[in-house]
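A.B. asks: These protein sequence lines map, in sequence, to chains Z and H. The first sequence runs contiguously to residue 386 in numbering that gives the first Met the number 0. The second sequence runs contiguously to residue 386 in numbering that gives the first Met the number 0.
Among the clues, some could well be false.
Since copy identity is lost for identical chains, a pair holds within one copy or between any two.
Here are the computed lysine-lysine pairs in the DSS-like style, where the Cα-Cα straight-line distance is at most 27 Å [claimed, not checked]:
#1 LYS226 - LYS317
#2 LYS45 - LYS91
#3 LYS91 - LYS226
#4 LYS81 - LYS371
#5 LYS317 - LYS182
Hints were generated in silico from the structure; no laboratory data involved.
Protein chains: 2
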Amino acid sequence: MIKLLPLIALLFSLNAIAEPRATGDLGIVIEREDGNALIINTTEHKRLAKIEKLGDLSHASVVFSRDQRYAYVFGRDGGLTKIDMLKDAIDKRIIQAGNSIGGAISQDGKLIAVSNYTPGGVKVFSAETLELVADIPSDYGEGLRSKVVGLVDAPGQRFVFSLFDAGEIWMADFKNPKAPVIKKFPNIGKQPYDALMSPDGHYYIAGLFGEPGLALLDLWNTEAGVKHILPDYGKDDEKLPVYKMPHLEGWAVAGDYVFAPAIGQHKVLVIDKNTWELHDTIAVAGQPVFVMARPDARHVWVNFAFPDNHQVQIIDVKDLSLHKTLSPGKGVLHMEFTPRGEQVWVALRDDNQLVVYDTDTLQEITRLPANKPNGIFFSSRAHKIGL
Amino acid sequence: MIKLLPLIALLFSLNAIAEPRATGDLGIVIEREDGNALIINTTEHKRLAKIEKLGDLSHASVVFSRDQRYAYVFGRDGGLTKIDMLKDAIDKRIIQAGNSIGGAISQDGKLIAVSNYTPGGVKVFSAETLELVADIPSDYGEGLRSKVVGLVDAPGQRFVFSLFDAGEIWMADFKNPKAPVIKKFPNIGKQPYDALMSPDGHYYIAGLFGEPGLALLDLWNTEAGVKHILPDYGKDDEKLPVYKMPHLEGWAVAGDYVFAPAIGQHKVLVIDKNTWELHDTIAVAGQPVFVMARPDARHVWVNFAFPDNHQVQIIDVKDLSLHKTLSPGKGVLHMEFTPRGEQVWVALRDDNQLVVYDTDTLQEITRLPANKPNGIFFSSRAHKIGL
Numbered sequence: 000m001i002k003l004l005p006l007i008a009l010l011f012s013l014n015a016i017a018e019p020r021a022t023g024d025l026g027i028v029i030e031r032e033d034g035n036a037l038i039i040n041t042t043e044h045k046r047l048a049k050i051e052k053l054g055d056l057s058h059a060s061v062v063f064s065r066d067q068r069y070a071y072v073f074g075r076d077g078g079l080t081k082i083d084m085l086k087d088a089i090d091k092r093i094i095q096a097g098n099s100i101g102g103a104i105s106q107d108g109k110l111i112a113v114s115n116y117t118p119g120g121v122k123v124f125s126a127e128t129l130e131l132v133a134d135i136p137s138d139y140g141e142g143l144r145s146k147v148v149g150l151v152d153a154p155g156q157r158f159v160f161s162l163f164d165a166g167e168i169w170m171a172d173f174k175n176p177k178a179p180v181i182k183k184f185p186n187i188g189k190q191p192y193d194a195l196m197s198p199d200g201h202y203y204i205a206g207l208f209g210e211p212g213l214a215l216l217d218l219w220n221t222e223a224g225v226k227h228i229l230p231d232y233g234k235d236d237e238k239l240p241v242y243k244m245p246h247l248e249g250w251a252v253a254g255d256y257v258f259a260p261a262i263g264q265h266k267v268l269v270i271d272k273n274t275w276e277l278h279d280t281i282a283v284a285g286q287p288v289f290v291m292a293r294p295d296a297r298h299v300w301v302n303f304a305f306p307d308n309h310q311v312q313i314i315d316v317k318d319l320s321l322h323k324t325l326s327p328g329k330g331v332l333h334m335e336f337t338p339r340g341e342q343v344w345v346a347l348r349d350d351n352q353l354v355v356y357d358t359d360t361l362q363e364i365t366r367l368p369a370n371k372p373n374g375i376f377f378s379s380r381a382h383k384i385g386l
Numbered sequence: 000m001i002k003l004l005p006l007i008a009l010l011f012s013l014n015a016i017a018e019p020r021a022t023g024d025l026g027i028v029i030e031r032e033d034g035n036a037l038i039i040n041t042t043e044h045k046r047l048a049k050i051e052k053l054g055d056l057s058h059a060s061v062v063f064s065r066d067q068r069y070a071y072v073f074g075r076d077g078g079l080t081k082i083d084m085l086k087d088a089i090d091k092r093i094i095q096a097g098n099s100i101g102g103a104i105s106q107d108g109k110l111i112a113v114s115n116y117t118p119g120g121v122k123v124f125s126a127e128t129l130e131l132v133a134d135i136p137s138d139y140g141e142g143l144r145s146k147v148v149g150l151v152d153a154p155g156q157r158f159v160f161s162l163f164d165a166g167e168i169w170m171a172d173f174k175n176p177k178a179p180v181i182k183k184f185p186n187i188g189k190q191p192y193d194a195l196m197s198p199d200g201h202y203y204i205a206g207l208f209g210e211p212g213l214a215l216l217d218l219w220n221t222e223a224g225v226k227h228i229l230p231d232y233g234k235d236d237e238k239l240p241v242y243k244m245p246h247l248e249g250w251a252v253a254g255d256y257v258f259a260p261a262i263g264q265h266k267v268l269v270i271d272k273n274t275w276e277l278h279d280t281i282a283v284a285g286q287p288v289f290v291m292a293r294p295d296a297r298h299v300w301v302n303f304a305f306p307d308n309h310q311v312q313i314i315d316v317k318d319l320s321l322h323k324t325l326s327p328g329k330g331v332l333h334m335e336f337t338p339r340g341e342q343v344w345v346a347l348r349d350d351n352q353l354v355v356y357d358t359d360t361l362q363e364i365t366r367l368p369a370n371k372p373n374g375i376f377f378s379s380r381a382h383k384i385g386l
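Please construct the entire structure, taking both the sequences and the accompanying hints into account.
C.D. replies: Take a look at the structure:
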């Protein structure tokens, strides 16, 4: 009988995974201070697992493999961790740079790109093995190397990113991953500090820290070069102290409008997507940080910098009016909509909670514990362009 | 030793599922004549399983649970089959009507709605158990009952559908599934035969068989009622014999344009989404059936009715020109893009094949056998509105 024991032990360990887990309704919640990632289920509103020791997650972001099995977590300290959401475990982990600011996954799901401050540049890894595939130092002159920001994927197996110190946008075509073709757009404006891609991968827009306005690259017409738009955006006059630079990934495209946070002002800007001119401004409760469209684009949700970060406001896209103000709790840092938009998860850093709302009734559905959560990322992102 | 055998057998059966399967890159291919569904993997271009005995699949469609584990197959014969894509097996199957024409899954994933010809109406089932939740007979007068077509889900836990014989559109609010609230729009035009929802769930458009034009319902402004648009659409003059009525689910929204098949003509219509007027027409190789936008909206792919159904044409949305003509094989019946658009799968009924293309280079990647395939549905549909 004693010989049976290993067999029985094996049986039990197999039994633990006998009820298979699907991956379409999973997500990752970042616990900033602990350096943890929680795996959550959005159907059952459950925490499934806690993955520990992911390093400095103070500005973490996450992308997902195309089968939605693996989450790639980009840490502030150059850590890149591949989490297996079916085995509740770290699959692979590397430290790929000294100081890093986010990443992207290629259209085909085979490449992971990371944008680095130190040493400046973009490194590209195999999504399967995390082995280095390409290294693109952000050199822009004799002994000059730039921080890289605003890295996103683009259709046609490309990555697009911005060089903060150089004032350039680079587009890297990875159809041949061993020999990427890089196209550089110089003189796009002073100090691009972040960027976003339109959800269809058509437009890349970088925010400028060193001057007013934004830099716009039309990926359907790269020959036309980068255009300077919204020359009054971020202008110095009448501006309040900026408590937190808004995240450009948070911009929302809804119908013909792009909704964007005004820097340092208590306003959301409404930009006409056809002319790239300012259409309207909407007064809000504080300095907006994330400005996010519900997936059906009828509502836009806004959170705020300190001292207004206990509130969330909802804009009705139909008439650009303020629909409702919610007070979910202390330190609203991030929001993520379920893929079809019926619910939204909100991270409350200073209440150590996640709160889930019904986006139609605006009733609270549930709260879950999380230690200083600062980011929520659902696996449906695997199927989106430009994140 | 003999006592060990059941244990060992159990071990082997558990071992078969020991390597877990993710569900983000799965799909269902319908084999029409055999009444089978193939489970496929779009990353590895593999057939994983064949699920048999699903009844009459001559006009089958498929929706997916929000965790992407289950596929719901709507058969022509009123069959509704729930397939477990992790266990490669039928989870549940019912015959819910005598003659059926497709279905939808509610925004929260909890309800499955089916539109029926005989007896006419919509039946709504629990997505978990397939137990009947609500029955909505399509009565429109003393002893009059209509065929129901064009059933889609809408934001706010609603379903929208059209009554062919009654000339009505109905909108059913299922926030309380036991007591749905139905709003009826009468006199929307003669014989709505199919319908589509814009990808953001904003507009519902029904095609009219009994008169020219289309019926448009703005779901952001239902008080305004249904509008009659494109009064020349489907007009009788200069029309060729119609070999196959185009599918309205196939309409493509790309940028400011909606691309739609002209009925009976060798043309794709380009409709301005802001005015709902005809912007342009594009001459194509035959009578278009499916007109589908690549997920990044740069290209629109078109297939055709007999005798031109060996071809696929690709329209460049940038300048509304014909980009390329492909000849994949005999009987091109359906196409499905991978979620981020890098590849497309094409069903070749008369070649008993599926062919996969790189949508950028237009090179063929692989071919897989399938017996008379007539529909391809990827699990990423779980996260989309209005299918």
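A.B. asks: Between copies, within a copy, both or neither: which fits LYS81 and LYS371 at Cα up to 27 Å?
C.D. replies: Result: close within a single copy only, 22 Å intra versus 40 Å inter.
A.B. asks: Using 27 Å as the alpha carbon limit, work out where LYS45 and LYS91 are close: within a copy, between copies, both or neither.
C.D. replies: Result: close both inside a copy and across copies, 25 Å intra and 26 Å inter.
A.B. asks: When Cα atoms must be at most 27 Å apart, do LYS91 and LYS226 count as within-copy, between-copy, both, or neither?
C.D. replies: Classified as neither; 41 Å inside a copy, 56 Å across copies.
A.B. asks: Regarding LYS317 and LYS182, is the shortest C-alpha distance of 27 Å or less found within a copy, between copies, in both, or in neither?
C.D. replies: Only across copies: LYS317 and LYS182 sit 21 Å apart there, 39 Å inside one copy, limit 27 Å.
A.B. asks: Should LYS226 paired with LYS317 be assigned to within, between, both, or neither, using CA atoms and 27 Å as the limit?
C.D. replies: between (29 Å within a copy, 18 Å between copies)
Hint 3 from the list above is the single one not met by this structure.
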